[in-house]
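Novice: The chain contents come next:
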Amino acid sequence: MYRGQSGMWSWLLHRITGLGVLLFLLIHVVDIGLLNFGSKVYNEGISLFGTAAVRVLSMALIGGLLYHSFNGVRIILIDFWPKGARYQGVMFAIVMALTIVSFLPMAYFVMGPVFGWPTGNLRGGA
Amino acid sequence: MNVLMRIRRFDPDKDNKPYWDEFRVEMDPIDRLLDALNTVKWTMDGTLTYRRSCAHGVCGSDAMRINGRNRLACKVLIRDIGNKVTIEPMLGYPVLRDLVVDMDAFFDKYKSIKPYLITTDSEPGTERLQSPEERARYDEGTKCILCGACTGSCPSVWGNPDWVGPATIVNAHRFIFDSRDQGGADRLAILGQRNGVWRCRTIFNCADACPRGIPVTELIEQVKRAIVYGGDTKVE
Numbered sequence: 001m002y003r004g005q006s007g008m009w010s011w012l013l014h015r016i017t018g019l020g021v022l023l024f025l026l027i028h029v030v031d032i033g034l035l036n037f038g039s040k041v042y043n044e045g046i047s048l049f050g051t052a053a054v055r056v057l058s059m060a061l062i063g064g065l066l067y068h069s070f071n072g073v074r075i076i077l078i079d080f081w082p083k084g085a086r087y088q089g090v091m092f093a094i095v096m097a098l099t100i101v102s103f104l105p106m107a108y109f110v111m112g113p114v115f116g117w118p119t120g121n122l123r124g125g126a
Numbered sequence: 001m002n003v004l005m006r007i008r009r010f011d012p013d014k015d016n017k018p019y020w021d022e023f024r025v026e027m028d029p030i031d032r033l034l035d036a037l038n039t040v041k042w043t044m045d046g047t048l049t050y051r052r053s054c055a056h057g058v059c060g061s062d063a064m065r066i067n068g069r070n071r072l073a074c075k076v077l078i079r080d081i082g083n084k085v086t087i088e089p090m091l092g093y094p095v096l097r098d099l100v101v102d103m104d105a106f107f108d109k110y111k112s113i114k115p116y117l118i119t120t121d122s123e124p125g126t127e128r129l130q131s132p133e134e135r136a137r138y139d140e141g142t143k144c145i146l147c148g149a150c151t152g153s154c155p156s157v158w159g160n161p162d163w164v165g166p167a168t169i170v171n172a173h174r175f176i177f178d179s180r181d182q183g184g185a186d187r188l189a190i191l192g193q194r195n196g197v198w199r200c201r202t203i204f205n206c207a208d209a210c211p212r213g214i215p216v217t218e219l220i221e222q223v224k225r226a227i228v229y230g231g232d233t234k235v236e
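Order-wise, the sequence lines are chains G and D. In case it helps, the numbering used here puts the first sequence at residues 1 to 126. In case it helps, the numbering used here puts the second sequence at residues 1 to 236.
If you are wondering where the hints come from, they were derived from the structure by calculation, not from laboratory data. Please read these numbers as outputs of a predicted model, since none were measured by experiment. Do not rely on the hints blindly, as some may be mistaken.
[Unchecked claim] Quick partial rundown of chain G residues pointing at chain D, CB under 7 Å, derived from the structure:
no., residue
1, GLY4
2, TRP11
3, LEU13
4, ILE78
Heads up, the beta-carbon is just placed ideally off N, CA and C, and yes, glycines get one too.
Extracted from the complex, chain D is given alone in its bound form:
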């Protein structure tokens, strides 16, 4: 399959502003878009810059805007995009070069909600047990790979880079609704602030962009309700 790739390029050392570059590659329909990017980089233009690591939809490093929507390049098949594809860096992040964006602020926001188990009780002699139902309560949030596709798809983030964004809230949800965790009140207090959950306008781009199928907006709404109902995470 002959594919025309339109790629948004930018090299801060050379370019005053971003520009479009085009490449034609011959690909198999069941190749991934990442294979097409690799073909360009390895055989046509070695300066093309993008992140990729595991190439199997687990590390989350190759999130980019593909035909106008945030996707992982390693999870998009050539047959699903056809003969022409537009590839741009994600919105909402400063562009470092070509398709590589600066995610420092993203990870700082992630750390702000204390994404680790917090307990105040003394250490148990055995494991911290929980029932399958209790485990299922926060299952969706555990699937997050921190690719940043949801945060980069959110108009509220584009308008206010200080907002924590959907990925941070999903990861807070993962602990707030964990029966073993005791730091939920702290996290709800953080997310109840001006730049917390309330800037979510239920636009749902995040849920559409998530390569792991996490119902991001639904989880954000659960956190909102937990705050409204005085921190009660058992209401649903």
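Next comes chain G alone, as it looks inside the complex:
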């Protein structure tokens, strides 16, 4: 085990979230593919996304996507901005802050229907 520092953990998290997003893409191909079997099959399949368990997985996807996107920008800056490597630690803190700040309101709307929180005109799933 190597203890590393923020750069190592950001890299590891980037890899894990990247694989997670890839896994969702495969699931997404399957759920969209249900359309081939007609609207009834598709609607029944997609209704799974309204269940509490899949909503928790959706939150993991949202968190993973947000982190992967923001950290991707950080990596581009490290590669192309001459001062990027010097500020990688600060940029990692910014990435984490942006991820959390963006994640919380989305998590509220995704989990709202499960807990009966008001979510305005947004429908809680299918």
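Model the placement of chain D on the given structure of chain G, informed by the hints.
Specialist: Leaving out everything else, chain D in the frame of chain G:
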């Protein structure tokens, strides 16, 4: 200060696999960890094996994993590690015995980027002059002592032992950005290959591990950009 030292041991002649050994030593807080290792070797267990030479952070022979991070044992003070320390050989190198790792492949990679001045012009009558600014351009790379701490801290090296690794790129940088050198294009061509700079994933363990404070990842990024911008080393 009483210090408990947990040391990863392995003797290929006796052991099937590595194991942990423990020693308690009484040290002064301003002793170095190397002094503690010497105390163990000289007074408790003469079979403990590790490299050390200058003992002053210049030769780079005592790089090892100390409390999970690559450091030089001669630069770590007892007061900074407390009452308990874990010492292991560096990752990414075959272990020869105890804390001694095989660095042959490391030096072969180092030699692969031609770490010496290359000139094609005829020999000048006097010195090869350069301005202080030109000298400053590659200053960081000149500090490398080839201890291998950066290369042993890099997950890309752990995953692919064929990758040249950070130390090699730092030493290439030292010549690529030297205004007197004319072999930069050759070195950039070598580092632009499959096992060149592109396997660096900007993990920054190397910069953290470097006992000379070299911003290793930053130098690797400069080499990457020099390749991307067609070998232009003047863009920054």
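Novice: For every hint, state whether the structure bears it out.
Specialist: Hints and how they fare:
1. GLY4: holds (5 Å)
2. TRP11: holds (5 Å)
3. LEU13: violated (12 Å)
4. ILE78: holds (5 Å)
Consistency note: the structure conflicts with earlier hint 3 alone.
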